[in-house]
Amino acid sequence: MIPRHQIILFALLLVASLAMGATLWHLRERAHQRLLAGQDSAPTSAPAVAPAEPAALLVANDSDGSILTQLHSLPLPADPEARARAVLGKLLDLYAAPGAAHPVSGGASSVTQVFLLPAPEIAGAVPAAVNSKNKNSRTVVILSRESRARIPGAPLQDARQAEPLLAVVNLTRSFADNHPSGIETEMLTVLSICGTLHANLPRITQVRFLVAGQQRATLAGHADLTRTYLTGDAVPSDRAHP
Amino acid sequence: MSVRCAIWSLFAASYMALAALAQPVPPAPHARFVVVLDAAHGGDDTGGRLANGQLEKSFTLAISVRLRSLLAARGIQVVTTRDSDVAVDPVKRAEIANHAQALACLSLHATESGSGIYLFTSSLPPAAPARFPAWRTAQSAWVTRSLKLTGVLNSALLNAGMSVTMARFSLPAMDSMTCPAVTVEIAPEQNAGHETTAELSDKDYQARVAAALAAALLEWRTEARQP
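So the sequence lines, in the order shown, correspond to chains A and B.
The numbering of the first sequence is the numbering used here, which starts it at 1 and goes up by one.
The numbering of the second sequence is the numbering used here, which starts it at 243 and goes up by one.
No lab work stands behind these hints, which were simulated from the structure alone.
Keep in mind that a hint or two might mislead.
Straight-line C-alpha distance at most 25 Å; calculated SDA-like pairs for lysine to any residue [said to hold, decoys possible]:
{"#": "1", "chain 1": "B", "residue 1": "Lys334", "chain 2": "B", "residue 2": "Val320"}
{"#": "2", "chain 1": "B", "residue 1": "Lys334", "chain 2": "A", "residue 2": "Arg216"}
{"#": "3", "chain 1": "B", "residue 1": "Lys334", "chain 2": "A", "residue 2": "Thr228"}
{"#": "4", "chain 1": "B", "residue 1": "Lys334", "chain 2": "B", "residue 2": "Ser311"}
{"#": "5", "chain 1": "B", "residue 1": "Lys390", "chain 2": "A", "residue 2": "Asp64"}
{"#": "6", "chain 1": "A", "residue 1": "Lys90", "chain 2": "A", "residue 2": "Leu71"}
{"#": "7", "chain 1": "B", "residue 1": "Lys334", "chain 2": "B", "residue 2": "Gly403"}
{"#": "8", "chain 1": "B", "residue 1": "Lys334", "chain 2": "A", "residue 2": "Thr226"}
{"#": "9", "chain 1": "A", "residue 1": "Lys90", "chain 2": "A", "residue 2": "Pro3"}
{"#": "10", "chain 1": "B", "residue 1": "Lys334", "chain 2": "A", "residue 2": "Thr218"}
{"#": "11", "chain 1": "B", "residue 1": "Lys334", "chain 2": "A", "residue 2": "Ala217"}
{"#": "12", "chain 1": "B", "residue 1": "Lys334", "chain 2": "A", "residue 2": "Arg227"}
{"#": "13", "chain 1": "A", "residue 1": "Lys90", "chain 2": "A", "residue 2": "Ala101"}
{"#": "14", "chain 1": "B", "residue 1": "Lys445", "chain 2": "B", "residue 2": "Val328"}
{"#": "15", "chain 1": "B", "residue 1": "Lys445", "chain 2": "B", "residue 2": "Ala434"}
{"#": "16", "chain 1": "A", "residue 1": "Lys90", "chain 2": "A", "residue 2": "Leu117"}
{"#": "17", "chain 1": "B", "residue 1": "Lys445", "chain 2": "A", "residue 2": "Ser63"}
{"#": "18", "chain 1": "B", "residue 1": "Lys445", "chain 2": "B", "residue 2": "Gly403"}
{"#": "19", "chain 1": "B", "residue 1": "Lys334", "chain 2": "A", "residue 2": "Gln215"}
{"#": "20", "chain 1": "B", "residue 1": "Lys334", "chain 2": "A", "residue 2": "Leu225"}
Coverage of chain B stretches by chain A, computed from C-beta distances (three or more under 8 Å per stretch; other residues unrestricted) [claimed, not checked]:
{"#": "21", "stretch": "411 to 418"}
{"#": "22", "stretch": "423 to 433"}
{"#": "23", "stretch": "453 to 462"}
Keep in mind that this is a model prediction, so the values were computed, not measured.
By construction, the Cβ of each residue, glycine as well, lies at the ideal position given by its N, Cα and C atoms.
Let the sequences and hints guide you as you build the complete structure.
Take a look at the structure:
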């Protein structure tokens, strides 16, 4: 014979268990609904639905020190800042790919933001120009001409008629910390970024670099990141042939 | 009394004339040939890490010491920005070079990327000399001569059988130097098939590079003395 108080205790425990189970089920449903609501608001489809357009990437090559234009078809956003970030992301993806001619780890996520501002008149800017490279008379590359290469199908735009822009490229700290050290390799990275920006957004005439939102003295010990680089101006090539 | 004074005056004048003749004649400004060797990095700034684990700062110092010996043996006065493993910021490096009033300033770097020798000249546009040039663009007035020095270095290195890449780029210390300034970056030697034929740790390769640079500076001294 089970005592009466034990029956009452059992009944209470059973009711409590059912109540807790119902509560847990309710909380699970609420969490699931919240998750679904969050997924709905995530901007995941914007780059994919953007129409693919031709983009000119100025790709560096360590073996001969050249920077050559490659045409790629990319889904490019209409917003200029997002567009600039997209082309730089593709450029850095090429550098992060196995067997890259200019290997730099990091990829597209290395560019945190690209801000576009009206370009100020500055006296201390220097041409971001490799001007010419002459390696045993093998290769002659003139960045200024490469960077002015028109993209087929793109509307002809006269940069002089539009307001010039300063692009502020914010790189991640890991990209700068892991970048190979050396004047040549750092120069190629800086110049290919400047050239790619100018080739796809001709209004960009000046480029500055930040690393993790802060000004940094050099990229990896050599290339000066405190300066403003000019993308459109270049010293004539004959000056590089003493 | 007056005769004694005259004799003493004559004696004093003769002594002063002889003393003046005995003193070395200060060299004319154009005859003083000083080379500044700027071994990059140092101290906490280690530079790049080379293939054999050597740090760039050690490599550049070793090349600087070797090149200084070669130049000193040929009677060329050399000023170095550092002789030991100490940190020297770019401003100080340019100050040392500018105080030396050198006719050639070489900044020495090393890298594992690429191949051969890279010669960098400032990308600043040429400008007329100014009485008070801006610090960050002081090299503007010297760019033309820097390019000539680059040409001499290029010829000497090519004659030594090395591949040379010339480029122009903005580098903080070089852009503030008021002398013909070139940055030399040494990379491993590769053949046409991109096979490495000489690592940076190769003593023979280091000696060949230093000898070629010394030969170029001797040639540059001859050109610099020409009116």
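Status of the hints after comparison with the structure:
1. B/Lys334 with B/Val320: Roughly 17 Å separates the two Cα atoms, so the pair holds.
2. B/Lys334 with A/Arg216: holds, 19 Å
3. B/Lys334 with A/Thr228: holds, 22 Å
4. B/Lys334 with B/Ser311: Within the cut-off at roughly 23 Å; holds.
5. B/Lys390 with A/Asp64: holds, 23 Å
6. A/Lys90 with A/Leu71: holds, 11 Å
7. B/Lys334 with B/Gly403: violated, 35 Å
8. B/Lys334 with A/Thr226: holds, 17 Å
9. A/Lys90 with A/Pro3: violated, 77 Å
10. B/Lys334 with A/Thr218: The given pair, whose Cα atoms are some 17 Å apart, holds under the 25 Å limit.
11. B/Lys334 with A/Ala217: With Cα atoms ~15 Å apart, B/Lys334 and A/Ala217 stay inside 25 Å; holds.
12. B/Lys334 with A/Arg227: holds, 19 Å
13. A/Lys90 with A/Ala101: holds, 15 Å
14. B/Lys445 with B/Val328: holds, 24 Å
15. B/Lys445 with B/Ala434: Holds - the C-alpha atoms of B/Ala434 and B/Lys445 are around 22 Å apart, at most 25 Å.
16. A/Lys90 with A/Leu117: holds, 22 Å
17. B/Lys445 with A/Ser63: Answer holds: B/Lys445 to A/Ser63 is near 23 Å, not above 25 Å.
18. B/Lys445 with B/Gly403: Cα-Cα ~16 Å, so holds.
19. B/Lys334 with A/Gln215: With Cα atoms ~21 Å apart, B/Lys334 and A/Gln215 stay inside 25 Å; holds.
20. B/Lys334 with A/Leu225: holds, 19 Å
21. 411 to 418: Our answer is that it holds, as 5 residues pass the Cβ test (under 8 Å) against chain A, meeting three.
22. 423 to 433: Coverage by chain A holds here, the residue count being 3 at a Cβ distance below 8 Å.
23. 453 to 462: violated (count 0)
Checked against the numbered hints listed earlier, the structure breaks hints 7, 9, 23; every other hint is satisfied.
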